[in-house]
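**Student:** Working from the sequences, and respecting the hints, build out all of it.
So the sequence lines, in the order shown, correspond to chains R and X. Each residue of the first sequence is one higher than the one before, starting from 1357 at the first, in the working numbering. Each residue of the second sequence is one higher than the one before, starting from 2 at the first, in the working numbering.
Just so you know, these hints were derived from the structure itself, not from any lab.
If we take Cβ atoms under 7 Å as the criterion, some of the chain X residues that face chain R in the derived model are:
no.	residue
1	Asn102
2	Val103
3	Gly104
4	Arg105
5	Leu108
Just so we're clear, the structure is a prediction, and the values are computed from it rather than from any experiment. All C-beta atoms, glycine included, are put in the ideal place defined by N, C-alpha and C.
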Amino acid sequence: MANTEASLKEALTTIDGAIGAALVDYTSGMALGTVGGGKDLDLTVAAAGNTDVVRAKVRTLELLGLKDEIEDILITLGGQYHLIRLLKGRGNNGLFLYLALDKTRANLAMARHQLSGIEAALEV
Amino acid sequence: MTAEADVLGELRRLRARLPQVTGALAASADGLVLARETAGDEAEGVAALTAAALGVAQRLTDTTGQGAFRELLVRGERGYVATYAAGSSAVLTLLAEPRINVGRLHLEARRSSARVGALVDGALERLENA
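**Tutor:** Written as C-alpha cells, this is what we have:
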C-alpha cells in the first residue's frame, strides 16, 4: 500500500514519458495531490477540467442505462496522451488518477498497465 | 458605458461559463451592492453579510500572518457561498449548487474577480480625478 504522494511520484518516475500526474476528487474538482506539470501544464486546471470530462461520461452511462463503470479514459492529443483512471473500491469512490504523457517517449500499453498497478496499491 | 454595466456584463459571462452558479454579485467592501445577477431580491442582505464576513476573514488572515484577504468558501447542506477579493475595495460573491466543480469555480471566479477589481478601481480613479 502506498500513499498519495508516493503513488504520484512513482507514476512520474517509473512510467516512461510521464510529464505530470494528479489525484483528483471529482465530486469537488480539486486535486488531492499533484506532481510534475509546471508552467506548460497547470495540473490544477487539468484537475478541474477533467472533472467535467469524468462527470459527463458517468452521466452518459446513466442516460444510456449501462449498468457498468468506467475503468479508464484515454485522450489522445497531437503531442501527448492524457490518461484518466478511476479509483475502485475501499471507499475510494469519486477519485481519479490523471496522467499526462509525452507521446514521443511513452509506451501507451505499458503506461496503462503500470498506472493500473499504481492504482491498485494506492491507499488514500 | 458605465462601470456598473461592465461589471454586470462580467457577472453574466461568469454565470454563462458556470451554469451551476445560481447567483453572482459584486459589492463594495463596506457592503453596498455594485452589480447583481441573481434571481431573488436577497442581494442587499447578502452584500451586507459579505461585508461582515469579510471583516472577520481579514482579521483572521492578518492575525495568523497570512497576508491580505483573497477568498472565502462556505459550504452549506444545499450549496456553496464563495467570496473573492476584487481589487482594493470590492468583492465578488457567488452562490453555487452543491454539485458544482469547486476547482473550476475557483479558476473562473479568480479571473473574474481580477477583471471586476480592475473595472471598479478604474471607475474610482476616474471619480477622484474628475
